[in-house]
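Chains as they are written, first to last, in the numbering used here: chain A, 61 to 293; chain B, 122 to 340.
What the hints contain is simulated information worked out from the structure, not anything from laboratory work. Accuracy of the hints is not assured; some may be wrong.
As the list claims (entries may be wrong) - Under the rule of at most 27 Å between Cα atoms (straight-line distance), these lysine-lysine pairs were calculated in the BS3-like manner: (1) A/LYS290 to A/LYS240; (2) B/LYS231 to A/LYS116; (3) A/LYS210 to B/LYS231; (4) A/LYS183 to B/LYS222; (5) A/LYS248 to A/LYS135.
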Amino acid sequence: MHSNKYIVIYSTVMVVLVAVSLTFVAMGLKPRQEDNIRIEKMQNILASVHIVTTVKDAIPSYQKYITKTLTINNKGQEIPGVDAFKVDLAIELKKPADQQQLPVFIATLDDGGNYTIVPVRGKGLWGPIWGYVAFKEDFNTIYGAVFDHKGETPGLGAEISTLAFQKPFDGKQIFDNQGKFVSIGVLKGGAPPEDKHAVDAISGGTITSKGLEKMLKDCLMNYEEYFKNKGKI
Amino acid sequence: MNNTMKKEREPLFSPKNIKLLKNPFNLENPITVQVLGICSALAVTAQLKPAIVMALSVTIVTAFSNLIISSLRDTIPSRIRIIVQLVVVATLVIIVDQVLKAYVYDVSKKLSVFVGLIITNCILMGRLEAFAMGNKPWPSFLDGIGNGLGYGAILVTVGIIRELFGSGKLYGFPIIPEAAFKAGYVNNGMMILPPMALVIIGVIIWLQRSKNRELIDKS
C-alpha cells in the first residue's frame, strides 16, 4: 500500500507532465487547424452562392468570386479599416447593437450578377449554429443559404446542414410587400409552397428549427437598414 | 509476418504473443464477442473513410495506453489506478483529436464527438484493467494493437457494406456503375441510417457464432 504522500506527489507529477505535453501538441498544431477553419469558412461563404469547392481550390475560388468585403454597423454605414473576413460574429453579437461590426461579402459570379452574402449565428439545441445567406441584387430575395452546426443531433437537428433543408430557402424574401422586415419563418408541419417568407422545419428537430428561425431574425435584422438603403425598398 | 521472421524474433513474436494479436479478430473480438464499443461502431460506419480513421485512432490509443499503463503498473498506487488510467487515455485521445483536426479536418468533423468518446470506450478500460495492469509492456502493446484492430476489422466491414449499398461508393469513389442506376438500381437509404449498422453487426455476430459453436451461451 502506497502512502498518501506518494499518491499526492504521483498525481501532481502526472498532471504536470500531461499538461506540458498537451500544451506543446496544441500549440504545434494550431496553425494548421486555423488554416482548416479559414478554408472551411471560405467554402461555406462560396456555398451560399452555390459554388461547390474542394479544400484545394477554396482559396483561389474565394479570391476569384468574392470581389468585395466590407464591414458595416447596424445603421448600414460602412466601418472603414476592418477586415470583414476576420470579424468574429460570435464576439460581435454579444456587444450592444449599435457597436456591432457586421461583415458583408459581395460575390460576383460568372453570370455577372452581384450577390450580397451575410453571416448569421445563433443557438441550436446543443450548441452554436451558424450560416451564410446570399441575397440577390434586390437585397430582399434569397439566392442561397448554407447552415452548419457544432453538435446538433445527427439525423434530427443536424439536418440543417443538408441540401434538403437549405434548398427551399432559395427565392424566399425577407421583406413583405409593404417593405416591412419579416425574416424567414421555419414552420413546424410544413410551410405552404406559395409562402414567400417561410420554409419547412425539421421533424424531430424542433428546438434547432426554432433556434434557426430566431438566428435569421436576429442577425438579418441588423442588416435591415443596409438592405433598405441599397435595395430602395 | 512470415515464418522466418517469427523464428528470428522468437521472444518478440512468440506464439503466445501472436495469439494476443490474433484472438481479438475472432474468439475474443471486442465488438462481436464482448459486445463493447458498440456505440461508436454504429455511429461512424456510414462511410468507409471515417470507419478507417476511427479504427486507427482507437488502435493507437489502446496500444499506447496499454504500453504506458503497463510500464507504470508497479508505480501506480492501486487506490487511484482508475484515475491514472483515465488521465493517460484522455491525454492520448486529446492528442489524436488534435492531430485529426490538423490533418484530416473533414473526417474529424464527421467523427465529431466520437473521437472524444474514445475516452469512455469500454474496450480501453477493459484492456487496461484486464491486461495491462498485470502484464509486461510488450505483450500489453500487442494486446492493445490486437484489440484495436479487432474492433477496427468489424468497423471496416460494416463501413464497406453500408457505403457500398447505401451510397454506391467505396472510400468516396463510385463503385456501382452509372449504367446500373440508369437500369433502375437504387441505393438503399436504410443503409446510411444507424439502425442498419446494428442489423449488420447482428448478422456478423450470428455468422461468427454459427461457425464457432463454443461462443454460444449455454442458457
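How the hints compare with the structure:
1. Taken as a hint, the A/LYS290 and A/LYS240 pair is honoured in the structure, with Cα atoms around 15 Å apart against an allowance of 27 Å.
2. Under the criterion of a C-alpha separation no larger than 27 Å, the hint pairing B/LYS231 with A/LYS116 is consistent with the structure, at around 19 Å.
3. Only pairs whose Cα atoms come within 27 Å are accepted, and A/LYS210 paired with B/LYS231 is accepted, the gap being roughly 11 Å.
4. Distance restraint check for A/LYS183 and B/LYS222: the Cα-Cα separation of roughly 23 Å lies within the 27 Å cut-off, and the hinted pair is therefore satisfied.
5. Distance hint between A/LYS248 and A/LYS135 is unfulfilled; the C-alpha atoms sit about 33 Å from each other, more than 27 Å.
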